[in-house]
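*Asks:* Here are the chains, one letter per residue:
Number of protein chains: 4
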Amino acid sequence: MPNSFGKLFTITTWGESHGAAVGVVIDGCPPGLPVSAEEIQAELDRRRPGQSDIVTPRKEADRVEILAGLFEGRTMGTPISLLVHNSDQRPGAYDEMREKFRPSHADYTYQAKYGVRDHRGGGRSSARETIGRVAAGAIAKKILALAGGVETRAFVTQVHDIMAPVAALEKFPTLAEVDATAVRCPHPATAAAMIERIKAVRSEGDSVGGVIECRVRGVPPGLGEPVFDRLEADLAKAMLSLPATKGFEIGSGFAGTRLKGSEHNDAFENRDGRVRTVTNRSGGVQGGISNGEELVFRVAFKPTATILQPQQTVDIHGAETELAARGRHDPCVLPRAVPIIEAMTALVLVDHWLRQSAQNRTFKF
Amino acid sequence: MPNSFGKLFTITTWGESHGAAVGVVIDGCPPGLPVSAEEIQAELDRRRPGQSDIVTPRKEADRVEILAGLFEGRTMGTPISLLVHNSDQRPGAYDEMREKFRPSHADYTYQAKYGVRDHRGGGRSSARETIGRVAAGAIAKKILALAGGVETRAFVTQVHDIMAPVAALEKFPTLAEVDATAVRCPHPATAAAMIERIKAVRSEGDSVGGVIECRVRGVPPGLGEPVFDRLEADLAKAMLSLPATKGFEIGSGFAGTRLKGSEHNDAFENRDGRVRTVTNRSGGVQGGISNGEELVFRVAFKPTATILQPQQTVDIHGAETELAARGRHDPCVLPRAVPIIEAMTALVLVDHWLRQSAQNRTFKF
Amino acid sequence: MPNSFGKLFTITTWGESHGAAVGVVIDGCPPGLPVSAEEIQAELDRRRPGQSDIVTPRKEADRVEILAGLFEGRTMGTPISLLVHNSDQRPGAYDEMREKFRPSHADYTYQAKYGVRDHRGGGRSSARETIGRVAAGAIAKKILALAGGVETRAFVTQVHDIMAPVAALEKFPTLAEVDATAVRCPHPATAAAMIERIKAVRSEGDSVGGVIECRVRGVPPGLGEPVFDRLEADLAKAMLSLPATKGFEIGSGFAGTRLKGSEHNDAFENRDGRVRTVTNRSGGVQGGISNGEELVFRVAFKPTATILQPQQTVDIHGAETELAARGRHDPCVLPRAVPIIEAMTALVLVDHWLRQSAQNRTFKF
Amino acid sequence: MPNSFGKLFTITTWGESHGAAVGVVIDGCPPGLPVSAEEIQAELDRRRPGQSDIVTPRKEADRVEILAGLFEGRTMGTPISLLVHNSDQRPGAYDEMREKFRPSHADYTYQAKYGVRDHRGGGRSSARETIGRVAAGAIAKKILALAGGVETRAFVTQVHDIMAPVAALEKFPTLAEVDATAVRCPHPATAAAMIERIKAVRSEGDSVGGVIECRVRGVPPGLGEPVFDRLEADLAKAMLSLPATKGFEIGSGFAGTRLKGSEHNDAFENRDGRVRTVTNRSGGVQGGISNGEELVFRVAFKPTATILQPQQTVDIHGAETELAARGRHDPCVLPRAVPIIEAMTALVLVDHWLRQSAQNRTFKF
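Protein chains in written order, with our numbering: chain R, 1 to 365; chain Y, 1 to 365; chain G, 1 to 365; chain P, 1 to 365.
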């Protein structure tokens, strides 16, 4: 089931970017949860096209419809079906892509794998698929909040070569701080520079990538299922399953490889009657299981593959040709990727919470 | 099934480091494959303790026994059961760990999750668990080789702050080049410096981490199952499911975030009648599906958590205390991790090959 | 994923009987398959309410909408999303069920399990859920047909105590013969008696059950995955996952328990150059794997739980009370269950065909 | 993973009847459960060859070895690995089967599917594979017992055409009553007749089948996961995954098809403050979910395929030939199948208990 994610809290997304609709089915949501369309819509609005002047100007209202799984405002333990109709379709804009493979897109590989593809806007490989993930993630985030104030916060720390200063990111940022700027970097000065850079590359018909950091506080110790379904392993999979991602690191990550063990180990202490670590180079996970500290991980995004410059390519007949890209796109995907990363994180956490609960709390001997 | 990995070529590992044995069951291996114990043993010998003077001196022969799944030297399509008995056990050496949590190990989180644990040598969280992965990976590697010369090659590119020069790693290294030195870096001068560093930190009772790169050549286009089971997503999960890993990147990875789209995109060309990319910043995967170029990814390992220096910690009663570590351990896990990374890579590829074949070649319309 | 079925050809159904819609997502459908809404509709029409004078008179057009997964009339290997809006809703008709548990329905158990339920028409436990199964099954049946003329034929052999004579069922009935009567028994005289009986019990406000037999011809040898995913095990699960089913038997079934081994064994012979069995008491499966003979199995359905007679029951507060059932229902579910059983059978077969192909045809050694 | 069963409490069996050993890995067992080898052995002894004069005289001690997953007598939440070495091997006795397909065995279908097979004693298709199921089931039964006195009791109700009188089976039989006779029918007079029949057919070189009933008391309401993983659906799959089974029915089963709804429905009443049914034609399951009444189901076994009479067959080259069977076998598998059915039932129940607990008790809103 390549279009499903999660073992007990499972989402299945469907839909092509220029088909009738995109959607998601959520199976395994606990019963009794109050859910409103507004709560889901609020998250969708954070990933919506046209939300600011540094994202794609496509006009998609992305209005969510709840088709099943709720009764009198509460979940019933039955599958929840959510749908968003596609509206701003200009299929003619994609005629060139019917025959030509866009560099660093999925056109060639979908053709090679399936022998057939919807060439319009990337079809199934479009980031539009993540609408279902964000809608489902809104429900997962609500569960986490009600389960005891677990908060998931992603934010942009790097765009191109502009990085937020380390000191500026030490405290857990508020949602308002993150959403204060269109680029979703909670450090205002850096955000301003990032926005300027994005506008500059857009004016060149070019694009940029960057890094998003995600933190979660309030995670109880015990989430994660060794040896294969370690918490960081499932987070890594979740993040690398997103379009345009090229890397994942948790805690000290790649930089930690330059420390010695004596510098890197997180000493334990007893703080307020709980076992805590003095530092958090582990990033909240040890041996694949959450240790109760803040989860901290980062995701690398490549520059948007769509650029408004002519590029060398090959067509479906194997002939070398040139692609004169045009159309509407994001010069930098990171601002809109922030809610997507939060959604995937929440989905992983709820799934592991259910798994942990099943194995370790069902029977008492 | 947290101890299983793979959808169609599935391995299930079992065993604690100081129990009777560790092992693996492989379900879904195609029938008719010739397999010998010697082929499996050859891979196990590459991860064996005591193989050189920079790894742990523990004496474990790690002899594999084949208990089921083969008949007259060939697989039958039935589960393959492989087992290695544990031999060099000094359980008394671990008495201190019964009560004290080792910093940056899994002692605390296992205790928090399960309420009970085998404290001897990490029990289930020990890297000894990877014996089953390597044994199963030997079979997966053989399938890949017979399927058309697909070759998986991992090697150490960084230890602590010593990095192999980029130019030295441009060509695909041979197995002999990798295994020529105890540290498994194919650049001899760098390898010598790495070995010296490892010996130096060991003499201080300290440890170091580093980076392993893995490349695969001969991968056909079409492997990978969007949207969630993207090839890089499953590789990321496989790598982050290994002890001591903190990061994963594919192709341009984190460094690629500093390029513009016009610099980063891989132009297509027609080379020898096949669609090929001029550059390979994608790392062999586009849209979650292999494009026929070399797979290239890197994995970050933290420094070994076990060090021979006193450390501040807490015991199972919550009391703060000090841990006076001793015993035998690897001052740097990377040399022995190389065959493990190759094994996990081969397991992911065989699994995806089977999945791709099922969906796209079974029926022709 | 309790609302998903199948490992490689996976369906996920969603929807309550009196919600906005019911639907299904199909993941794993091979690419390139031509599919039309008409083909799916034809199967839905066979399970539609109001299709004859012996089924429920509810008016549901059950028009299928294809939302994703098709491009220019062909599947793309991406998820197929199908939806049917609910139209003939009389929620007020169910006010009594909000508080009272209907005997032998799922009202009490859903309340006990989930603590909340949509009481209108059974909600998720309604047979209306099977719309998604039948829609997905239409696609599976088309795959089987194109794969080489595999034909799935279910038909009613018993209603209450009226049974078709054994001799009348010896040959594989045509679709026309099955659908010739409203009761879908291919033996006209028996069908007439069954219809008369159904009308009689309906006039008493009562209901009846019966037996459906299903046969499949053209199945290649080799489908079925021992030891747990035996073909008959997955068929049994598929059938017992349907509302109102109480039994499953394959080949000689329960009657075969009265034979001796020497009477029961199916001797092998070489017929037309193929290994064949002289008799087919095995029902087309040996050791959990299809042997190329006709698949033959039977499913027992209990009498419809909804009856128009007062019944003793308990309400959600635990008070004993009486239920005065009314409303529209099927006095006998079997005629409409015939296409559902064919659908589930086709889903099992396509799934196993893909699995068999993956393991046994991908690599040749 | 065709050799795995269960979603959260998962067993994976491995081994051929004449290989080195057979075994099982249990993943998902809750931590802290006290388990001893003796408890597992007690169940294995109930399925052991040579236990009485009506079963196969093969001499297999079937001694279980615990290789992993226990520490100081308790489970740890890590995989439990259990193994039984094969001892009484007479591979020469099977030389004829290398080339000739035994009628109604799995020889032909394994050859057709895999192209290779271990012909000795059926290899993987041997009922010897169920050793792993029984060993794992012993642990599942212990969990059920500790969870609140849930008791699983299977017993033989029919051998050939000899049936226990209905009145004799009304009460829940004790283990002692079941095991009082070699045939495991708790009605002594019937048991004596069954034993006589089994001996008679054995003396003719023939075999017989029959029916086993299984009951479970103490099941809480709420187990079962609609719409596909209904409790009866998973029970049906479990039972049809056993060698030699041809049918499954729950509650009123096939006989219930002859009742009217007004005769068949189970009225609700309030008994001792709980919602109970007056009758139990549902067999303890409504809408796929346990209702707290006794689970009651029956399984049909065909006569043993191995008989000591010459049979017509075909060899692996397609030539028609005759098979002169000899060797040691069970003239009736039912007595030894009783503990296997209990094991599978317990495995299904523990798995569903964990699933129910995860979804419905983890979060409270």
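Be careful, since some hints might not be right.
Repeated chains share a single entry, so a pair holds when one copy, or any two copies, can fit it.
[Claimed, not checked] With a straight-line Cα cutoff of 20 angstroms, these simulated PhoX-like cross-link-like pairs (lysine-lysine) come out:
no.: 1; residue 1: 142; residue 2: 171
no.: 2; residue 1: 199; residue 2: 260
no.: 3; residue 1: 142; residue 2: 364
no.: 4; residue 1: 59; residue 2: 171
Note that these hints are calculated values from the structure, not bench results.
*Asks:* Each hint needs a verdict: does it hold in this structure or not?
*Replies:* Hint check results:
{"no.": "1", "hint": "142 - 171", "in the structure": "neither (23 angstroms within a copy, 49 angstroms between copies)"}
{"no.": "2", "hint": "199 - 260", "in the structure": "between (42 angstroms within a copy, 13 angstroms between copies)"}
{"no.": "3", "hint": "142 - 364", "in the structure": "between (29 angstroms within a copy, 12 angstroms between copies)"}
{"no.": "4", "hint": "59 - 171", "in the structure": "neither (35 angstroms within a copy, 47 angstroms between copies)"}
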